[in-house]
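All chains should be built: construct the whole structure from the sequences, respecting the hints.
Line order of the protein sequences matches chains A and B.
So in the numbering used here, spot 404 of the first sequence is number 404, and the numbers just go up one at a time.
So in the numbering used here, spot 288 of the second sequence is number 1288, and the numbers just go up one at a time.
Derived from the structure by calculation, the hints contain no laboratory data.
Accuracy of the hints is not assured; some may be wrong.
Straight line, CA to CA, 20 Å or less: simulated EDC-like cross-link-like pairs of lysine to aspartate or glutamate [as the list claims (entries may be wrong)]:
| # | chain 1 | residue 1 | chain 2 | residue 2 |
| --- | --- | --- | --- | --- |
| 1 | B | Lys1132 | A | Glu343 |
| 2 | A | Lys125 | A | Glu187 |
| 3 | B | Lys1192 | B | Asp1219 |
| 4 | A | Lys216 | A | Asp350 |
| 5 | B | Lys1132 | A | Glu63 |
| 6 | B | Lys1393 | B | Glu1376 |
| 7 | A | Lys183 | B | Glu1343 |
| 8 | A | Lys216 | A | Asp263 |
| 9 | A | Lys325 | A | Asp350 |
| 10 | B | Lys1283 | B | Asp1263 |
| 11 | B | Lys1325 | B | Asp1220 |
| 12 | B | Lys1283 | B | Glu1271 |
| 13 | B | Lys1183 | A | Asp263 |
| 14 | A | Lys192 | A | Glu215 |
| 15 | A | Lys132 | B | Asp1410 |
| 16 | B | Lys1125 | B | Glu1271 |
| 17 | B | Lys1132 | A | Asp263 |
| 18 | A | Lys132 | B | Glu1215 |
| 19 | A | Lys132 | B | Asp1412 |
| 20 | B | Lys1183 | B | Asp1220 |
Protein chains: 2
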Amino acid sequence: MKDTVHSRRQFLQKAALGSALATGTVSLPVWTNPELEFPDTLPEWMRVPGDEFSNYGQPSAHEQGIIRWISANPAAPGNGVSWTPLHALQGTITPNGLHYERHHNGVPQINPDQHTLLIDGLVDKPLSFDLKSLMRYPMVSRTCFIECGGNSNSGWRSNPIQSKAGYAHGLVSNAEWTGIPLKLLLEEACIKPSAKWVIAEGADAAALNISIPLEKLLDDALLALYQNGERIRPENGYPMRLVLPGWEGILNVKWLRQLRLTDAPIMSRDETSQYTELLPDGKARQFTFINEAKSLITSPSLGMMLPDNPGIYQITGLAWSGRGKISRVEVSADGGDSWLDAELQGPVLDKAFTRFNLPWHWQGEYAILQSRATDETGYVQPTREALIENRGKHGFYHYNAIVSWEITEDGDINHVYGF
Amino acid sequence: MKDTVHSRRQFLQKAALGSALATGTVSLPVWTNPELEFPDTLPEWMRVPGDEFSNYGQPSAHEQGIIRWISANPAAPGNGVSWTPLHALQGTITPNGLHYERHHNGVPQINPDQHTLLIDGLVDKPLSFDLKSLMRYPMVSRTCFIECGGNSNSGWRSNPIQSKAGYAHGLVSNAEWTGIPLKLLLEEACIKPSAKWVIAEGADAAALNISIPLEKLLDDALLALYQNGERIRPENGYPMRLVLPGWEGILNVKWLRQLRLTDAPIMSRDETSQYTELLPDGKARQFTFINEAKSLITSPSLGMMLPDNPGIYQITGLAWSGRGKISRVEVSADGGDSWLDAELQGPVLDKAFTRFNLPWHWQGEYAILQSRATDETGYVQPTREALIENRGKHGFYHYNAIVSWEITEDGDINHVYGF
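Listed below in structure tokens is the structure:
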């Protein structure tokens, strides 16, 4: 890998591409129909009236392969994950049908009329809210990603997993969430000065509970009721979930039924035996809430192929950081020897997916494509080598190293470890 | 209506509301469960494992009433519209299943492998593109609304229609569209200097065609392939549609199969006998492409009810303009005698839905709620009176007057004409 030579000339800056397209100085493949006229007969679907209107639409039957990929425990099928097919999506919004899932004991079928949220513990005025009462509170929207702490954890394996981009890194999705700033509800309950933590519990059959610093709930946390405009989906917490922008998925408790204010964390199963990180010295890191900056080239990526004709390809992908806005994404075609800035698609939002794009003139050579994100705090996404040096070889959570796609001379794409 | 007296004190500015909630100086209804403890038995859904994972999710069964409302021609069921239930949605994104529909002869079931886009007419190099070739071009995303020219046209009737907000004004939706800037494809075809218009044709059984100024296609037009992240839905033009930000729906041609460059408009059915506006002097206005600034209070609105206890309600709604960003939304509770600025939810995007919010302390009195949008060009949404004075009583398209919701002392909500 290291001895292949690549230069920045492989990449076409936006201006150069525009001019190349206009003047023909770069031989952009033009897939011209030799006839350049429509066939004599109209296609079948123009000769008969089309389908009728629908109350709630669905994707085309031709897109049935674009699905969440399910990986569940055969003995307990409600325990596992399903992955967002990031490699097949574009833009930044994850449509609701494809938002990733992580359940510990399945998706509860909650009757919203019988669901309440209780705020109690270290408060002067314990409060209980039903849906109808919550609808009287001010709501705000914010677009942000939610990422499972276990996303991309196949990266800890000795050999690179040969899964499509979304099916290795798609335990992250991005949506416009709308709900009530939790600060309003907590302050109405009159928080006692001794309260420092909040134990959040979900109304699923796992009764999943976890400890969250009160400070975060008073900052930008939402009690989300809507996801991309409509009521939140069952698998995303219907009728209500916590949304903690930038903090790992498990803290964004779904089917939220209780917030109990305490002076200390509860040391629940999911913050002790799970969702902690074994370090090189044998100690475990706990309460690592924030998803650090990360990026992923979604196209070209494994499972696609560059046709055998060299030419211009659009490198595109996603970057995100739990600490704020993405400030820069660099792309390399030579395994990290040289880098060029990709274009960031605006508006660049805080703690949200940012799409990056960079045209690439592939000349049929061997290449290793990588992307490297930097966030507004200056944090730079690490190489796999650096991540392992820092965190050891036996990690499981919070893997955010640079991902490398190998392009062979034939245009095949494989996952490799760049370092 | 006119003799009721209302003052600005009815509205609570954001700061005041926050402090009221924290100190209890305003008697916010607190819907406290008298027990304040969970019942002895867990709800049914916590006692059995939940549902398994799904490849593509759907809304909760409890939300089956949140649908597009279909209004089609019984004799030609593919001709008509379906309305987005704006009154039941929150935030700014319209989920794909609920994006409004307007079809002239149904939804064609297109095989994407057999669909091509032809660019011909006044170009030096006619071009034909299939899906595979289009995937090689640079894409951009933009969030914008699309609004049917006939949206809200019940406003021309003599008596106010008693339909829910979305079912009278929901031929408008807002999505993140991703696709190829049309400028790139048109310039690759080498436009002849004599080309001034483009005739766009769809691959539906209506073979809908319409004339668009070339200038717009070289500005911000997209050949959209993705809608809120996933491939565009069949009823929204699968596999590709024109998106012309801010221009009326019919020009955003779905199932796009041809762009023919010409020196003059084609005078098609849908730009002569339809989608024109009869003016008071008997002449018709043609080629009115832009959706002017408009707003709508989505809650409270017809079909909801204010409970019989007065208190704080959140007024919320949507505003949009085909000429740019929304700069201001004012709200009145007294039929337009006094106005207060609502808070605009950021980020405020160009030619996209902007949500506005204003808390309102309803004291049980008769009220008429209205919203009035101003866009960045300074254009102010007109009263119905002003619109009719300017455009006459026999219009059908481009109705954008202020909408008035009457609140009775009982908390019932009706649609009224404010003027």
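Structure-based check of all given hints:
1. Of the supplied pair hints, the one linking lysine 1132 of chain B and glutamate 343 of chain A is violated, its CA atoms being roughly 23 Å apart against a limit of 20 Å.
2. Our distance criterion of 20 Å between C-alpha atoms is met by lysine 125 of chain A and glutamate 187 of chain A, whose separation comes to about 10 Å.
3. As the CA atoms of lysine 1192 of chain B and aspartate 1219 of chain B are separated by approximately 17 Å, the hinted pair is consistent with the 20 Å bound.
4. The hinted pair formed by lysine 216 of chain A and aspartate 350 of chain A meets the criterion: a straight-line CA distance of about 16 Å does not exceed 20 Å.
5. For the suggested pair lysine 1132 of chain B and glutamate 63 of chain A, the alpha carbons sit about 15 Å apart, so the restraint of at most 20 Å is met.
6. Under the criterion of a C-alpha separation no larger than 20 Å, the hint pairing lysine 1393 of chain B with glutamate 1376 of chain B is inconsistent with the structure, at around 28 Å.
7. For the given pair, lysine 183 of chain A sits about 19 Å from glutamate 1343 of chain B by alpha-carbon distance, which is consistent with the 20 Å threshold.
8. Pair hint lysine 216 of chain A plus aspartate 263 of chain A holds up; C-alpha atoms about 15 Å apart against a cutoff of 20 Å.
9. Taking the CA atoms of lysine 325 of chain A and aspartate 350 of chain A, the gap is about 4 Å. The hint holds against a cut of 20 Å.
10. The suggested pairing of lysine 1283 of chain B with aspartate 1263 of chain B is violated, with an alpha-carbon distance near 25 Å, which exceeds 20 Å.
11. Of the supplied pair hints, the one linking lysine 1325 of chain B and aspartate 1220 of chain B holds, its CA atoms being roughly 15 Å apart against a limit of 20 Å.
12. For the hint linking lysine 1283 of chain B to glutamate 1271 of chain B, the alpha-carbon distance of about 14 Å falls within 20 Å, and the restraint holds.
13. The hinted pair formed by lysine 1183 of chain B and aspartate 263 of chain A fails the criterion: a straight-line CA distance of about 60 Å is larger than 20 Å.
14. Using a Cα cut-off of 20 Å, the hinted pair lysine 192 of chain A and glutamate 215 of chain A holds, with the two alpha carbons roughly 13 Å apart.
15. A distance of roughly 18 Å separates the Cα atoms of lysine 132 of chain A and aspartate 1410 of chain B; the hinted pair therefore holds under the 20 Å criterion.
16. The straight-line distance between the Cα atoms of lysine 1125 of chain B and glutamate 1271 of chain B is roughly 28 Å, outside the 20 Å bound, and the hint therefore fails.
17. For the hint linking lysine 1132 of chain B to aspartate 263 of chain A, the alpha-carbon distance of about 58 Å lies beyond 20 Å, and the restraint is violated.
18. With a C-alpha separation of about 50 Å, the suggested pair lysine 132 of chain A and glutamate 1215 of chain B falls outside the 20 Å cut-off, and the hint is violated.
19. The straight-line distance between the Cα atoms of lysine 132 of chain A and aspartate 1412 of chain B is roughly 17 Å, inside the 20 Å bound, and the hint therefore holds.
20. With a CA separation close to 8 Å, the supplied pair lysine 1183 of chain B and aspartate 1220 of chain B stays within the 20 Å bound.
Violated hints, in rising order: 1, 6, 10, 13, 16, 17 and 18; the structure is consistent with all others.
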